[in-house]
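Visitor: Just so you know, the protein sequences line up as chains H and P, in that order.
Residue numbers 0 to 144, in numbering that gives the first Met the number 0, belong to the letters of the first sequence in order.
Residue numbers 0 to 140, in numbering that gives the first Met the number 0, belong to the letters of the second sequence in order.
In short, the hints are calculated from the structure, not lab data.
Below are the SDA-like pairs computed for lysine to any residue, each with C-alpha atoms no more than 20 Å apart in a straight line:
| no. | chain 1 | residue 1 | chain 2 | residue 2 |
| --- | --- | --- | --- | --- |
| 1 | H | K46 | P | L131 |
| 2 | P | K137 | H | V48 |
| 3 | H | K46 | P | K137 |
| 4 | P | K137 | H | G43 |
| 5 | H | K46 | P | G127 |
| 6 | H | K46 | P | A120 |
| 7 | H | K46 | P | L128 |
| 8 | P | K137 | P | D80 |
| 9 | H | K46 | P | F132 |
Just so you have them, the derived chain P footprint on chain H, three or more residues with Cβ under 8 Å:
| no. | stretch |
| --- | --- |
| 10 | 21 to 34 |
| 11 | 39 to 49 |
| 12 | 64 to 74 |
| 13 | 80 to 90 |
| 14 | 113 to 120 |
Derived, one-sided and incomplete: chain P residues facing chain H with beta-carbon distance under 7 Å:
| no. | residue |
| --- | --- |
| 15 | G13 |
| 16 | G20 |
| 17 | A22 |
| 18 | D32 |
| 19 | A34 |
| 20 | G86 |
| 21 | F90 |
| 22 | C100 |
| 23 | F118 |
| 24 | A121 |
| 25 | M122 |
All C-beta atoms in this analysis are idealised placements derived from N, C-alpha and C, irrespective of residue type, glycine included.
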Amino acid sequence: MMNIDWSAFTPWSALAGGVLIGVAAGMFVLLNGRIAGISGILGGLLKPVRGDAAWRVAFIGGLLIAPLSHALIAALPRPQIDAGYGALVLAGLLVGIGTRYGSGCTSGHGVCGLSRLSPRSLVATLAFMTAGFATVFVIRHLLHV
Amino acid sequence: MNLFTSFLAGLVFGLGLIVSGMANPAKVLGFLDLAGAWDPSLLLVMGGAIAVGVIAFFIARRRTVSLLGTPMRLPTSRDIDRRLVGGSLLFGIGWGVAGFCPGPGLVALGMGEVKALVFVAAMLGGMGLWTLFENHAKVSK
Numbered sequence: 000m001m002n003i004d005w006s007a008f009t010p011w012s013a014l015a016g017g018v019l020i021g022v023a024a025g026m027f028v029l030l031n032g033r034i035a036g037i038s039g040i041l042g043g044l045l046k047p048v049r050g051d052a053a054w055r056v057a058f059i060g061g062l063l064i065a066p067l068s069h070a071l072i073a074a075l076p077r078p079q080i081d082a083g084y085g086a087l088v089l090a091g092l093l094v095g096i097g098t099r100y101g102s103g104c105t106s107g108h109g110v111c112g113l114s115r116l117s118p119r120s121l122v123a124t125l126a127f128m129t130a131g132f133a134t135v136f137v138i139r140h141l142l143h144v
Numbered sequence: 000m001n002l003f004t005s006f007l008a009g010l011v012f013g014l015g016l017i018v019s020g021m022a023n024p025a026k027v028l029g030f031l032d033l034a035g036a037w038d039p040s041l042l043l044v045m046g047g048a049i050a051v052g053v054i055a056f057f058i059a060r061r062r063t064v065s066l067l068g069t070p071m072r073l074p075t076s077r078d079i080d081r082r083l084v085g086g087s088l089l090f091g092i093g094w095g096v097a098g099f100c101p102g103p104g105l106v107a108l109g110m111g112e113v114k115a116l117v118f119v120a121a122m123l124g125g126m127g128l129w130t131l132f133e134n135h136a137k138v139s140k
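Please work from the sequences and hints to get the whole structure.
Guide: Okay, structure coming up:
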């Protein structure tokens, strides 16, 4: 039986933030004709092709500047990062290799792919969600870390 | 103009991640912890994003050029293969280890978090390794 943490559940801000993400992905495909897939946008910079780098830098720049612009309007919530440095390195390596082999992450497959009704992205999303659930189960409930 | 709209899309995407709480790894892990005190918020983030996205991609699919006149570049691959599933599984394991995926990692880096810098540096390292493997595989073919 699921045990929902009602004190942590934030339906309205989750929905509002989700709509913003959808607006961003939607305006990007309609205006620039591209998929807002963050792993692909970032990964494409590691083997730059002439004329194909500037838009990637601009998009990543927007992501990096978002906290500053948020802070100008409202107090910026601090992230809680419990993972230690070793775990962060392992996580980063797995996320980097995995998203490139799988051609996408939560944004490219999860948001854009599912919005396009792509069966390929549905499979990818189910795969990374299942792996994420299993990993947290092992870490928290079997290893008790 | 293309660069400006690209920047704007990244900015709005980042604001969405902050507002939704998804730039906070503890909240993401609260969603991934099905057996613990479960926080379903991430489902509503996806729902809100996809509700808007479905409309935009419905329009985009019927066009060959974007509103700014650039070619419409939608993915053409339809292969459901070992790379797609294996890569996504590896990504999911990494996601579960720290609660970071690429977007939130970059946004948390923009907040000046040292731990996010470590994650993003390792992620770039992983992407760099993949690029090396791919180049090597193409050369040896």
